[in-house]
Structures are given as structure tokens and as C-alpha cells.
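J.: Those protein sequence lines, which keep their order, are chains A and B.
Each residue of the first sequence is one higher than the last, beginning at 1 in UniProt numbering.
Each residue of the second sequence is one higher than the last, beginning at 1 in UniProt numbering.
FYI, nobody ran anything at the bench for these hints, they're computed from the structure.
One should not assume that every hint holds.
Sample of chain B residues lacking proximity to chain A, with all beta carbon distances greater than 12 Å (derived) [said to hold, decoys possible]:
1. Gln66
2. Asp70
3. His73
4. Glu263
5. Arg266
6. Leu318
7. Gly336
8. Glu345
9. Thr346
Selected chain B positions facing chain A (Cβ under 7 Å, derived; list incomplete) [said to hold, decoys possible]:
10. Pro299
11. Glu302
12. Ser304
13. Trp307
From the structure, some residues in chain A lie toward chain B, with a derived Cβ separation under 10 Å [said to hold, decoys possible]:
14. Ile110
15. Asn117
16. Ala126
17. Phe127
Positions of the beta carbon are idealized from the N, C-alpha and C atoms, including for glycine.
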Amino acid sequence: VRAGVIYSPPQNYPLYIRSIPTENELKFHYTVHTSLDVVDEKISAMGKALVDQRELYLGLLYPTEDYKVYGYVTNSRVKFVMVVDSSNTALRDNEIRSMFRKLHNSYTDIMCNPFYNPGDRIHSRAFDNMVNSMMMQVC
Amino acid sequence: MEQGPVGGSAAAASSAATTGTGSGGLLLPLSESEQQRYSELFSRCCPTPEAAAGGSSVGELFRASQLPPDTLHQITEVCGAKRVGYFGPAQFYIALKLIAAAQSGFPVRIESIKNELPLPRFIALKNDSEVRYGTPAELHGVKFQVPHATLEKNSYKRTDEGDKQETKSPPMSPICSPPASPSTYQRIPLSYGYGKSRSGLEQQHGAPYEVRHSTHQQDGTSSGNYGAKPALGCSTLNRSLSVEREQQDSSTHYSDDPWRITEEQRDYYVNQFRSLQPDLNSFISGSVAKNFFTKSKLPIPELSHIWELSDVDCDGALTLPEFCAAFHLVVARKNGYQLPETLPETLLPEYLQAASLKPLHDCALFDSYSETLPGSQQTRDFSRTEKTSAEEVPDKSALLQDGKKDDKQALKVSTSLKTIPKEFQHLTVKTAAQESNALKARPRSRSYSSTSIEDAMKKGEEPPTPPPRPQKSHSRASSLDLNKIFQQNTQ
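Isolated chain A (complex conformation) (with noise of 0.2 Å):
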């Protein structure tokens, strides 16, 4: 039970919505949306060592009682959150971590089709693969 979103800066409205089941969708789009606040905070934390090593990699925002929210932002401000299931204690880091590295390289990709306006929605047929895929890996 998972859902992924991506934000943009600077509005911060969302690129790319995907959740699992799709149910209570509307709860994940809440906490993915709340958690943003989470995000900023952290990259706020890090504005004064902006300029050196700073983590793309946010690590667990919170923790709730069912699930758990990831974040990871780019250099280029866009927010990546991952909400997964508390009860699925099987993902660690290092496979968050590598999750977000394959959205990353996608959303790069996506990022060079010159037919992709960057703050437009997300259609990309190979990105939907590439996180379904994603998805059920882990489910």
C-alpha cells in the first residue's frame, strides 16, 4: 500500500500522482500534501550548507501509526515523497533509496523530451511503467 507523489517548485503543486490501491486515495494525497511542510523544513535545516554536500536523500519525514513518508528532493527543488506502509517493514533504506534514484533518473528523462514543458503534468508512458513497476515490486 504505497503512493507516490512528485512536487514542484515553487508552488509545490503536484506533477505526479500515483497510489496503491487507489482507494483512500484522497488520504494519501493529504499526508503526501502535509508532509511537504516536513520537506521544507529539512531543506531549510540544510540552506546554510547549501553550497557543500547536501542530501538529496530526505530519509523518513515521519512516522505515523500506519505508514511511514520518504522524501527526496532534487537539485533543482523538485520533491519527490513516497508514502509506504508501516506494516511493510521488509523495505529498508537502501531499497528507498535506490527507489528514489530510478524516479529521479525517470523524471530526468522526461526532463529532455523537448516536447515536455517542465511544471506541466506528468503522461509519460514510460514513467507510468517505470513506477508501476516500482509499485508492485514492493507490494
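Please arrange chain B on chain A, whose structure you already have, making use of the hints.
T.: Okay, now just chain B, sitting in the frame of chain A:
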């Protein structure tokens, strides 16, 4: 002669003709008898009035006119069917008129059909009660517009090589018009051949489309043949691309594969590429390509998908094989084909490069980067070396072990391109494709977590030639915007 249905059939013909995608065209006056005769022939050749004529039945009809094959070729060309790729009513009528002209001894030109002409004569047609018609009466008649192909991209030609072969499978595919096709015509392959020998039967199926094959037996002159053919050949095609005929090599046997690029198409694409980018070894940047493909008037999401399919190394630029693939997909889409989910094998860059046997990759590749993405050189280098050869498979295994090294790239550069027989290329292409996909994943396996702004800045200042050592922290997209962010932060 029946006068009654002339008006109705004439109206049908004119309406069908004008629904074509044409902005301008010829006005072709037909007399009454001509009109009636033509519409009768047309309706015999195609099952529904609004569709275009079945290629094979058209072929038989033309052959029945007893004109030499060259003349028939010429007629096909002049009537515009070759250009638009199918026999719509307009093309068919013009062709008939040209046949009449040729039979009367006039040259095959558009001008000759503007005159009064006797009706074309077709020998031994099944339903033909009258073999010959007398001269027509007046010139009054229905004028209808001949839709010409508007889009330049649709105007591909067929290679009518003597050794071309076509095959047909006995079960006919049902008639189904392409869903998003801009015109109401069904696309019929120009699958007739004039006196060519055909052999064999081959069957293939593609995933999103049905390929129709036709077997034409060695054409005997018996009327029984002609009688049988219209019945057999009148079914129209589902999705076969009308100009997708590959030349028959001695070693390989291509059938109607819409995702296969013919020689003529390839030449056309290469010329288009040249118009955008004179250096064939270099590539077209994304914005240039975007402007170019936007002219095709396909919707942006589809163009986006086409780009996704064809830009295999995802570098935001199109090399020649990528461009050919993209162009081909655009052409296919404009002809009503659904875009595939993944790039067909025959459109892979490695395959196209191997097929073209052109020495596309050498030092020029590394020197001719367009510096739109300064940070992307790394992955671009890598993908260039990936793409550089279907032939250099052994080098690829070295690639796997060594990672990105400059000396290895130098090795590639110095390796000359070997032309390998096509069968081997087929094999190497497959493995190369798999390897390149695996290889593509490799540069991504580096951790992005330590990307820093200085690294990206360093990247941006590097010269176009391959940098000595890829920095572990490099990430393509981050370096795109880092400069901007860095400037913002320093303000």
C-alpha cells in the same frame, strides 16, 4: 448504358473525393459515360464506396488494360497514388483516364487526360459485359477535386524494384479504418505489381497492427485468374502501411512490416536530417527537433511519446538513426497507426545504424557535441559509445568492466567500423540492444546523494571532448539547474 444511377454515383464519387485531406487539387472533368464506368470499376475494386480501392484488385485491373508495366508505373505515379500512398477515388479515376489516354496512344501526362478520350479498355474482366466502349459524348460531367497530399511528410514513394516480392495470407483481415486517421480513406498498400514474380507465402503478425500479405501467383493470362482475383483481393487492409515495402535482399526476406524503414524512406529522412543538421554524424538538438516535428501537426502528447520512444539514450538530442526512427513514427502516426508502447526492433538506433552500414561514428562524434547540456556530457559520452556500434560488441563487454574511461573511448574511436554481414548484425543488434539497455542503467547506479554545486560547475566548464574521469557524484539533471540555483543563492 444506364443513365439512372449516374447522378447518384457521381455524387457519391464527388463527395468521397472531397473528403480527402486536400487543400487544392486538379479539377477533372468526366463525361457521363466515363463517370459511370469509372464508378463501376471503382466499386468493384473496393468494397465500400467511401474507401480506397484495394491495391491488388487495382493491380489486376490495370494489368487487364494490357498496357506495358512501365506505363502502368507511370500512370500510378502521375495519378498521385504513388504520392499519397493509396488509391482513393480521385487517384483511381485519374488512373483510369490515364489508361485510356495511354491506350489511345497519348503520353501519360496530366495534360493528356484533360481532353476527350475513349473509355479505358480492360480485357477479360469478370463482370465486364462490354469489353469496349465507344467514344464518349460530351465533356459535361462531374468535376471533383483531387485531393493532393498536403503534408510533405506523407509523400513517400515506393521502390518498384523488379525483385520486390509480396506475400499474402489467405485469411483476409476484416476491414477496419484506423481510429485517428485524419481522412476517411482506408489505407491500402500499393501492393499490386506489374508482372513481377512472386513466390511463397509468409505470415507475420505485429502486436498493434495486422500485417496483410498477398500472394500473387505468376500471372497467367487466363481470365479465370482475373475473375478469381477481385473476389480474393477486394478485402481491404487493416493497418498495413502502404509504402512499407523493403527491398528483397537475397539473404533476408522482409514482409509488410510498417515499422521497417524502406530505402526510399531512409533517404528521405536522411535528407530531412541534413536540412536540419548538415553533419550526419552529429545530432539534432531537442528544440530544433521539436520545431520540426511540431510542423507535422500531431498533438503534443503524441509527439512527446514519439520522442520518448525514439530518443533511446535520453540525451535530449536525436542522432541520425534516432531521427529516422522518430520521423518514421510520425509518418506512421499520420497514416493512422497507433504508436507502439515500446520501440520496435527495426527502429532501434543500433539496428538502423547497422542496416545503413554508414560509418556514422568516429571521432567526429566526440567532437561535435552541442553544448546545450553541459553536465550531460558524461552520460551522453557513454551513450554515444553505447550506440557507436552494433559491431563492437566485444568492446562492450570491456565497457562493462572498465566503466567510463577516456582511454576506452579512445579505443573506440580508433576502432574502425567493420561491415558485418546482415545476419550477424541482426544478432549483434539484439545483444547490443540488451547490453546497451543494461549499460544505460549503469551510469545511474551512482549515488546522487553527494552531488554538489561545485561539481556541476566544474562540469560546465569542461571542454567538449570527453572529460578525463567521470565524477562519481555527477547527475545529469541536477547539473542542469544547479547553475541557476547557485547564482540565485549567491545573490
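J.: None of the hints should be skipped; say for each whether it holds.
T.: Outcome of the hint check:
1. Once the 12 Å rule is applied to beta carbons, Gln66 of chain B is consistent with being away from chain A; the minimum gap is 52 Å.
2. Interface exclusion of Asp70 of chain B from chain A stands, the closest Cβ pair being 45 Å apart, more than 12 Å.
3. Distance check for His73 of chain B against chain A: the nearest CB is about 40 Å away, which clears 12 Å, and the non-interface claim stands.
4. Consistency note on Glu263 of chain B: stated as away from chain A, and its beta-carbon is indeed over 12 Å from all of that chain's, at 29 Å minimum.
5. For Arg266 of chain B, the requirement that its beta carbon stay farther than 12 Å from each beta carbon of chain A is met, with the minimum near 23 Å.
6. With a least beta-carbon separation of about 10 Å from chain A, Leu318 of chain B fails to lie farther than 12 Å from that chain, contradicting its non-interface assignment.
7. Non-interface status of Gly336 of chain B relative to chain A is upheld: no Cβ of that chain comes within 12 Å, the nearest being about 19 Å off.
8. At roughly 17 Å, the least C-beta separation between Glu345 of chain B and chain A is larger than 12 Å, which holds for a residue marked as non-interface.
9. Annotated as non-interface, Thr346 of chain B keeps its C-beta farther than 12 Å from every C-beta of chain A; the closest such distance is 19 Å.
10. Residue-level restraint check for Pro299 of chain B is violated (minimum Cβ-Cβ distance to chain A is 10 Å; threshold 7 Å).
11. Because the beta carbon of Glu302 of chain B sits about 9 Å from the nearest beta carbon in chain A, more than 7 Å, this interface hint is broken.
12. Because the beta carbon of Ser304 of chain B sits about 4 Å from the nearest beta carbon in chain A, less than 7 Å, this interface hint is met.
13. Checking Trp307 of chain B against chain A by beta carbon gives a least distance of about 5 Å; that is within 7 Å, so the hint holds.
14. A least Cβ separation of about 8 Å between Ile110 of chain A and chain B falls short of the 10 Å threshold, and the interface hint therefore holds.
15. Here the hint on Asn117 of chain A is kept, as its CB sits about 9 Å from the closest CB of chain B, short of 10 Å.
16. With 10 Å as the threshold, the beta carbon of Ala126 of chain A comes within range of chain B, its nearest partner Cβ sitting at about 5 Å, so the hint holds.
17. Given hint, Phe127 of chain A at the interface with chain B, holds; its Cβ is 9 Å from that chain's nearest Cβ, closer than 10 Å.
Violated hints, listed in ascending order, are 6, 10, 11; each of the other numbered hints is respected by the structure.
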